[in-house]
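Protein chains in written order, with this note's numbering: chain A, 16 to 178; chain B, 71 to 168; chain C, 2 to 92.
If you're looking for bench data, these hints aren't it; they were derived computationally from the structure.
Using N, Cα and C, we set each Cβ at its ideal position, and we do this for glycine too.
No false leads were slipped in.
In silico PhoX-like links for lysine-lysine, alpha-carbon gap of 25 Å or less:
no., chain 1, residue 1, chain 2, residue 2
1, A, K118, B, K161
2, A, K116, B, K159
3, B, K161, A, K116
4, A, K90, A, K127
5, A, K122, A, K146
6, A, K116, A, K146
7, A, K24, A, K60
8, B, K72, C, K6
9, A, K116, B, K155
10, A, K90, B, K72
11, A, K127, A, K146
12, B, K161, C, K28
13, B, K159, A, K118
14, A, K127, A, K79
15, A, K127, B, K155
16, B, K159, A, K127
17, B, K159, A, K146
18, A, K24, A, K39
19, B, K161, A, K146
20, A, K122, A, K79
21, B, K155, C, K28
22, C, K58, A, K39
23, A, K127, A, K116
24, B, K155, A, K122
25, C, K6, C, K58
26, A, K118, B, K155
27, A, K90, A, K79
28, B, K155, A, K146
29, A, K24, A, K79
30, A, K118, A, K146
31, C, K58, B, K72
32, B, K159, C, K28
To be clear about the criterion: a stretch of chain B counts as covered by chain C if any three or more of its residues have a C-beta under 8 Å from a C-beta of chain C, and this derived list gives those stretches:
no., region
33, 87-97
34, 120-131
35, 149-157
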Amino acid sequence: MKRDIISIKALVLYMIFWIILAEKIDFQVLLIGLLINIMIYLFNKNGESSCHIGKRYQLIKRWKLFICYILLLMKEIVIASIDVASIVLSRELNISPRIIKFKTRLKGDLLKTILANSITLTPGTLTIEVKNDEFTVHCITKNQITGVKNSKFEELLLKIEEQ
Amino acid sequence: MKTIFIWIALSGGLFFLLVGTIGILRFPDLYTRAHSAAKCDTLGAVLCLFALMLYNGLNFSSFKLLLIIVFLWITAPTATHLIAKAYHKGKIRENQME
Amino acid sequence: MMVEKLLIFSSVFLSLTILLCTIRAIKGPNPADRLIAINVIGTKTVVLISIISFILKESYFLDVVLVYALISFIASIIISNSIETNRRERQ
Chain A
16 MKRDIISIKA LVLYMIFWII LAEKIDFQVL LIGLLINIMI YLFNKNGESS
66 CHIGKRYQLI KRWKLFICYI LLLMKEIVIA SIDVASIVLS RELNISPRII
116 KFKTRLKGDL LKTILANSIT LTPGTLTIEV KNDEFTVHCI TKNQITGVKN
166 SKFEELLLKI EEQ
Chain B
71 MKTIFIWIAL SGGLFFLLVG TIGILRFPDL YTRAHSAAKC DTLGAVLCLF
121 ALMLYNGLNF SSFKLLLIIV FLWITAPTAT HLIAKAYHKG KIRENQME
Chain C
2 MMVEKLLIFS SVFLSLTILL CTIRAIKGPN PADRLIAINV IGTKTVVLIS
52 IISFILKESY FLDVVLVYAL ISFIASIIIS NSIETNRRER Q
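Next up, chain A with everything else stripped away, as it sits in the complex (with noise of 0.2 Å):
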């Protein structure tokens, strides 16, 4: 029964969209902006993504923790970058590369996704391949193996699971 009404928050997320690239807010604007989110809507109906935009609930419930998560990530970027730089600009490399695998707790594809690219965003490691349950991961440096294997990263997502 749900999927023959019209998901009203699909058309919402388009219609934002459509406002922010059309840069005014005006009565054609917004017809034409319907139209098209109509037909873009009804064109996508039967793919995957366009049903799973209200059953994200496990996200949007803890909004808090997600929020840390998201200030957690940022501060890690920066210092990855700030690691490489070191790194490149010294004289000679003093590198050693290797390649390790590990085995994740988490159950939930999206959360798995959001671990993989957090990965990559660490300082010193890099995803390489997701494989049911197990990461296989490339790092630059030996000491950063111990920082792969109970990362904060994970717990905060184990935070975010359990509900």
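Based on the hints, put chains B and C in the right spot on chain A.
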């Protein structure tokens, strides 16, 4: 006052973009080059666009720049990860064929 | 006034870094090296066109930038998929 913030953000962004490019030229292997491309490049671009947002004030163009910043933040590391994964799988298949 | 001069200097500096990145695109012994260089050049082009749109004070360049970022992402996905499935032998 705002001019000082714009100067700091823009010069920081340009410095990180330069470091990212030197890293791509200097590192010996593909995985290490992907490190430099994913991290320094993203941060440099985000800082430069943030400085342009400050220069513009509160406007519709600033919302468009914010949209571009969010998109670059999410997709630039993902694209680099996909390239590293493709190289890794190709190397495994080549090792199996020998 | 001072910010205008800084924007013009930064656009010239950014073009020099794009030129440095092309060296890796020509030299790299793998197709994946070249693809990483092209991705970085795409991100730098996004920043360059945004800076130029503020120098010339035209607001419609930002729509071009949005579309270019989307297309560069899709191109990177497709070419990396093609590297993964047909891996040619290098001598």
